[in-house]
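Q: Residue-level listing of the chains:
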Amino acid sequence: MKFLTKQRGKQLKQTLAFGTFRLVSFSVIGVLFLILGFIVVRGLPAISWDFLTKMPENGMTEGGILPAIVGTLCLVAGSMIFAFPVGVFSGIYINEYLKESWFKKLVRSMTNNLAGVPSIVFGLFGMALFVDQLDFGDSILAGSLTLGLMVLPVIIRTTEEALKTVDDSMRLGSYALGATKLQTIRKVVLPICYPNIVTGLILSVSRVSGETAPILFTAATYFIDRLPNSIFDQVMALPYHLYVLTTSGTDMEKTRPIAYGTALVLIAIVLFVNLLANSARRYFNNKLK
Amino acid sequence: MPNFKVEAKNFNLYYSEFQALKNIQFQAEENTITAFIGPSGCGKSTLLRSFNRMNDLIPGVRTEGETLVNGVNVYDKSVNVDELRKQVGMVFQKPNPFPKSIFENVAYALRVDGIRDKRYIEEKVVNSLQQAALWDEVKDKLKKSANALSGGQQQRLCIARALAIAPSILLMDEPASALDPISTSKIEELIYDLKRNYTIIIVTHNMQQAARVSDRTAFFYLGELVECDETKTIFTNPKSLRTQNYITGKFG
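Those protein sequence lines, which keep their order, are chains A and B.
Per the working numbering, the very first residue in the first sequence carries number 25; after that it's consecutive.
Per the working numbering, the very first residue in the second sequence carries number 27; after that it's consecutive.
Source of the hints: derived by calculation from the structure; they are not laboratory data.
Heads up, the beta-carbon is just placed ideally off N, CA and C, and yes, glycines get one too.
Treat each hint with caution, since some may be false.
[Said to hold, decoys possible] Covered by chain B, according to a simulated footprint, are these stretches of chain A (three or more residues, beta-carbon under 8 Å):
#	region
1	182-196
2	200-212
[What the hints assert, rightly or not] Lysine-lysine pairs mimicking DSBU-like chemistry, simulated, CA-CA at most 30 Å apart:
#	chain 1	residue 1	chain 2	residue 2
3	B	K48	A	K311
4	A	K311	B	K120
5	A	K211	B	K48
6	B	K126	B	K48
7	B	K103	B	K169
8	B	K276	A	K205
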């Protein structure tokens, strides 16, 4: 029974391979949950209504983190207002309008390179351009634009990739009915890839909300005892607050729980945004079905 | 001189260096069905797409000579391509309904045309679906997605979509080749019925289909229009040996 033994050898290989894959993926997921659990366990005691709605007090050893929450939300909103339209329009232009040529290749590779630039470099650039040259000062505006620049390549790429998934037969079908290119893009192509574009947007929101380096020299401040009331105000931000509390707080013992609480809030925001992304994606997908 | 609906005069087409169509002379009269047959790569789809200038979308395409619709050279500089395509509807090989509702698929062309009148759009949608012999099957689910329809229904929806803006010419690029036999025969019946109101050119690889539905048949080979005549003549008494060899299955 030769085929039986061979079968067994194959089966062993299969089991081994699957076992390895399973082990690797489970350990990755395990580590993820470990981190999450660690932060939840350490951070949860710090969370209270006051923590979310009060100003920091006593050299940030007590009180809440409201200005940091508001600051991060402002920076995220500002960067998206700038980066989303610019990124999506660029993606549409590159994928739908630009003909295959050396120029298109150049634009593509530049976008890719830009995506790989370390965020601290963007921070430095933002400081030179927005803070100093354009004289916005350390402000929400300067920080948002810097963050926006940083995620721009990501948004352009996701838009491009989303557009590429739309089958050409859809475009041809639309042209054949006498639709113009703009009508085809607006009414046929974009509705098909909304889910993917929205997902890209939301992923960049999570990325932006967690970044420290780009806002280090452009927007974030160590401590401020009031909420921003214009886009030219400096703000506190969650990731920077976390950094400050853990490295240069006035009293490490007392600030440590607040730091974990801050981390938890940051993670909760990112998680919430991701859930939002998923439901938005599902909503648009259902609309297509 | 008879008034031809669709014509090609000394028409040449190049994909970069490759000459895909060689000095084509072709005419189709109003309210007739012409079948384009020939082996793959013979240029029949290319010529079809030259009547509504879908070839424009392929980079590197160059043309010489004229293709005429209603006596107008469609490659003339003054021709508005979008308007031309509203005159010359097209149905593709693979059904390609938009991922929208059945109603919106048909209404799309009207909306693109700038029509806002709801009553008019509704009327047109119903009418087009009736013409495409799809109305009875979908009248209760116009709001449902077109993707839920069967392949044959999707193809008839694409035909309805093309009819909505009232073209006078329908180009069909192997419209039944991706369908099962029953759907195919439905499409064929439909094409035959549409002849009353439209001038139809259909590309097909199916010889029986050409024989069943068309009035005239054009045989293409290596970019040349070898022979174009009454379908009966082509299938029973072709002038060219190449035509005879192809339709009897000796090559192709």
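Q: Now tell me if each hint is right for this structure.
A: Each hint tested on the structure:
Counting residues of the region 182-196 of chain A whose CB falls under 8 Å from any CB of chain B gives 4; the rule of at least 3 is met. With 8 residues bearing a CB less than 8 Å from a CB of chain B, the region 200-212 of chain A meets the requirement of three and the coverage assertion stands. Taking the CA atoms of K48/B and K311/A, the gap is about 47 Å. The hint is violated against a cut of 30 Å. A distance of roughly 23 Å separates the Cα atoms of K311/A and K120/B; the hinted pair therefore holds under the 30 Å criterion.
For the hint pairing K211/A with K48/B, the CA-to-CA distance comes to about 38 Å; that exceeds 30 Å, so the pair is violated. Distance restraint check for K126/B and K48/B: the Cα-Cα separation of roughly 40 Å exceeds the 30 Å cut-off, and the hinted pair is therefore not satisfied. Restraint check for K103/B and K169/B: not satisfied, since their Cα atoms lie roughly 41 Å apart, outside the 30 Å limit. A threshold of 30 Å between alpha carbons decides the hint, and for K276/B with K205/A the separation of about 44 Å lies outside it, so the pair is violated.
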